[in-house]
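Colleague: Here is what each chain is made of, one letter per residue.
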Amino acid sequence: MKKTIQIPLGSQHISLLEPIRFKFECENEKIIGVDADVGFVHRGVELACTRSFEFKQVGYVVARVCGLCAITHSLSYTLAVEKLLGYEANDRIKYLRMLMVELDRIHSHMLCLAHTAENAGFEALFMQIMGDRELIMDVQEAISGNRVQFDYISIGGVNRDLTPELTALVHKNLSSLSEKIDVLMTLFDNNWSLSLKYKGIGILKLEDAYTYNALGPLARAAGLATDVRAETNDFPYEALGYKMILESTGDIHARNFVRLREIVNSIEMCRNIIDNLPSGEIQEKTKGKPNGEAVVRVEAPRGELFYLVRGNGQNMLERVRIKTPTFSAIPAMMEVFKGSEYADAPAILASFDPCMSCTAK
Amino acid sequence: MTKIATTLPSLLSDIGAFYNAREWHFLSVNGIDLGEGKIELQWIFSKYGVKDEIVIYFALSDYETPVPSIVSLIPSSVMGEREIVDMFGLKVEGTEKGLYLDEDSLPHPLRGES
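Chain order of the listed sequences is A and B.
Everything in the first sequence is counted per the numbering used here, starting at -18 for the first residue and increasing by one.
Everything in the second sequence is counted per the numbering used here, starting at 1429 for the first residue and increasing by one.
Derived by calculation from the structure, the hints in this document are not laboratory data.
Treat each hint with caution, since some may be false.
[To be verified] As a list, the in silico SDA-like pairs of lysine to any residue whose alpha-carbon atoms are at most 20 angstroms apart:
#: 1; chain 1: B; residue 1: K1466; chain 2: A; residue 2: L28
#: 2; chain 1: A; residue 1: K11; chain 2: A; residue 2: A324
#: 3; chain 1: A; residue 1: K180; chain 2: A; residue 2: F107
#: 4; chain 1: A; residue 1: K(-16); chain 2: A; residue 2: V15
#: 5; chain 1: B; residue 1: K1519; chain 2: B; residue 2: P1535
#: 6; chain 1: B; residue 1: K1466; chain 2: A; residue 2: N293
#: 7; chain 1: B; residue 1: K1525; chain 2: A; residue 2: D18
#: 8; chain 1: A; residue 1: K224; chain 2: B; residue 2: D1480
#: 9; chain 1: B; residue 1: K1525; chain 2: A; residue 2: F21
#: 10; chain 1: A; residue 1: K4; chain 2: B; residue 2: R1510
#: 11; chain 1: A; residue 1: K186; chain 2: B; residue 2: Y1476
#: 12; chain 1: A; residue 1: K224; chain 2: A; residue 2: M166
#: 13; chain 1: B; residue 1: K1431; chain 2: A; residue 2: T213
#: 14; chain 1: A; residue 1: K224; chain 2: A; residue 2: D163
#: 15; chain 1: B; residue 1: K1466; chain 2: A; residue 2: R32
#: 16; chain 1: A; residue 1: K75; chain 2: B; residue 2: D1480
#: 17; chain 1: B; residue 1: K1431; chain 2: A; residue 2: L65
#: 18; chain 1: A; residue 1: K64; chain 2: B; residue 2: M1429
#: 19; chain 1: B; residue 1: K1479; chain 2: A; residue 2: A211
#: 20; chain 1: A; residue 1: K186; chain 2: B; residue 2: A1449
#: 21; chain 1: A; residue 1: K224; chain 2: B; residue 2: G1477
#: 22; chain 1: B; residue 1: K1479; chain 2: A; residue 2: G222
#: 23; chain 1: A; residue 1: K153; chain 2: A; residue 2: A123
#: 24; chain 1: B; residue 1: K1479; chain 2: A; residue 2: N214
#: 25; chain 1: A; residue 1: K319; chain 2: A; residue 2: V15
#: 26; chain 1: B; residue 1: K1431; chain 2: A; residue 2: N272
Hey, can you work out the whole structure from these sequences and the hints?
Modeller: Below, the structure is given as C-alpha cells:
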C-alpha cells in the first residue's frame, strides 16, 4: 500500500474567493480522495424567511443569499409566490425580468472567467476581464438604481421602467462588450500557456455528470443537455433567441467556452428583449395571501436554482426551501478532483465558479 | 408538479423503480415541519428535456424514526440528506451532523418547536 498524505485547501486560501475547505488525500501529487466542508457562512436564511419576515418582505431577504445572482433569487421566490396568488405577469414585466437575469448571467460568467485566468497566472487578463465586466455592472446599476443588491423584482412586477436613455445605454455597452468577448474567445482558445492549464485538465465525464446530477455550465461542458431555460414555460426564451450551449470534453477549457458562448447568446437575447419590449404596466396589483405549495426553477449563472414555497393563507410562510446550484454541484466537483494533480486544484476549483454564500445560505 | 405518496420503509424500492439517471435529474431532499412532532419529507425530481415536469415523492414521518438514505441509488443526495440531519435533527442512515451547524448551534433550527 502506497503512503498517502492529507493536504487541505481552504477555508482560507489564496485561490479562494469564499470560504470552503477541501481535504485532499494525495498519493504523491495525485488526488485520490476528497472531503468538503461547505458550511462556514451559514446564516439561517430559510429560517428567517418563515419566522422573521412576512411574505412581501421575503423577496428582499432571499436576494441577500448571494451578491452575484441576487436577481435570480428574488425572481425565483417572486414567481413561486405569484403562482400561489394565481397571478401571471404581463409580457413587459416578463421581458424586463429576463433582461436583468441575462445581464446577471453575463457579469457572473465574466467574473468566473477572470478568476480562471488569475488561477492560471494571468493577472493582466484578470484585470482586463474585470474591467470589461464593468460595462454590464454599469447597465445594471443604471436600470435598477443599485450596483450589487438590485432589489429590482417585486411581487406583481418590477420596480423601475426602461427609459429611452437606458435603452440606448444598454445597446451601447452591449456592443462594446461584444467586441471584447470576441477577443477573449480567441485568447482563451489559442493562447498556448492557457491551454496548458485548461485543456484536458479537471475533466467531468458525461456519465459522471448524469450520475452526480451535475448542472449548469459544469454539466453542459460535459455534453449533458440540461438548462432550465429550455425546461420551463415561465419565460419566452426560445422566441428571444435562446440557444443551448454544449461542449463535449468536460475540461476547464470546455467550461470556459460554455460561459463565453453563453455570454454571446445572452447579449443577443438582451438586444432582442429591448428591441421588442412590449407595452404595459411595470407593476400590477396582486390580491390575497399565499396558500398552498409552489415550486419554481430558474437557470442561475451557475445552474439550476430551485425554490419551494408553502403558505397557509397567512402573512408568514410555512416553508421556503432554497436549493442553490453550487450546493447540488459539490458531489460532481469532488468526483472531478479525484485523479487530478494537486497543483491543478485551484484552477479546477475556479472553473466550477463555486458560490459558498449561496451554498451555505 | 406531481406528488406521489410513499413511506419510509418502501422509499428505496419506490425510488429505485422510478429513478433513471439518464432520464431524471435529482433536485433535492426537503423537509417541512407539520407541527406536533410530525414532518413531511420530500424527494424532488425534474425530467431532462421536458418542460415543467417535476415529480415529488413525499412521506410523512416524525422526528425519531430513522430515514433511509438513497445515496446508494443517487450519490448526489448526500448533500440534501446531511442538510435535513442538521436542520431538522433527523437520523439519516450513514449521515452525520455538521454540514452547516457547529456544536454550539441551535440543535435543529427548522423544527417548529425551535
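Colleague: Now tell me, hint by hint, if it's right for this structure.
Modeller: Now for the hints, and whether the structure bears them out:
1. K1466(B) <-> L28(A): 18 angstroms, holds
2. K11(A) <-> A324(A): 9 angstroms, holds
3. K180(A) <-> F107(A): Within the cut-off at roughly 19 angstroms; holds.
4. K(-16)(A) <-> V15(A): 16 angstroms, holds
5. K1519(B) <-> P1535(B): 13 angstroms, holds
6. K1466(B) <-> N293(A): 17 angstroms, holds
7. K1525(B) <-> D18(A): 12 angstroms, holds
8. K224(A) <-> D1480(B): Within the cut-off at roughly 18 angstroms; holds.
9. K1525(B) <-> F21(A): 14 angstroms, holds
10. K4(A) <-> R1510(B): Holds - the C-alpha atoms of R1510(B) and K4(A) are around 18 angstroms apart, at most 20 angstroms.
11. K186(A) <-> Y1476(B): This hinted pair holds, its Cα atoms lying about 18 angstroms apart.
12. K224(A) <-> M166(A): 18 angstroms, holds
13. K1431(B) <-> T213(A): 18 angstroms, holds
14. K224(A) <-> D163(A): 18 angstroms, holds
15. K1466(B) <-> R32(A): Holds, because 19 angstroms separates the two Cα atoms, which is no more than 20 angstroms.
16. K75(A) <-> D1480(B): 18 angstroms, holds
17. K1431(B) <-> L65(A): 17 angstroms, holds
18. K64(A) <-> M1429(B): 12 angstroms, holds
19. K1479(B) <-> A211(A): Holds. K1479(B) to A211(A) sits at ~7 angstroms (cutoff 20 angstroms).
20. K186(A) <-> A1449(B): 14 angstroms, holds
21. K224(A) <-> G1477(B): 13 angstroms, holds
22. K1479(B) <-> G222(A): With Cα atoms ~18 angstroms apart, K1479(B) and G222(A) stay inside 20 angstroms; holds.
23. K153(A) <-> A123(A): With a Cα-Cα distance of about 13 angstroms, the restraint between K153(A) and A123(A) holds, given a limit of 20 angstroms.
24. K1479(B) <-> N214(A): The given pair, whose Cα atoms are some 7 angstroms apart, holds under the 20 angstroms limit.
25. K319(A) <-> V15(A): With a Cα-Cα distance of about 7 angstroms, the restraint between K319(A) and V15(A) holds, given a limit of 20 angstroms.
26. K1431(B) <-> N272(A): Holds: K1431(B) and N272(A) sit about 17 angstroms apart, inside 20 angstroms.
Violated hints: none; the structure is consistent with every hint.
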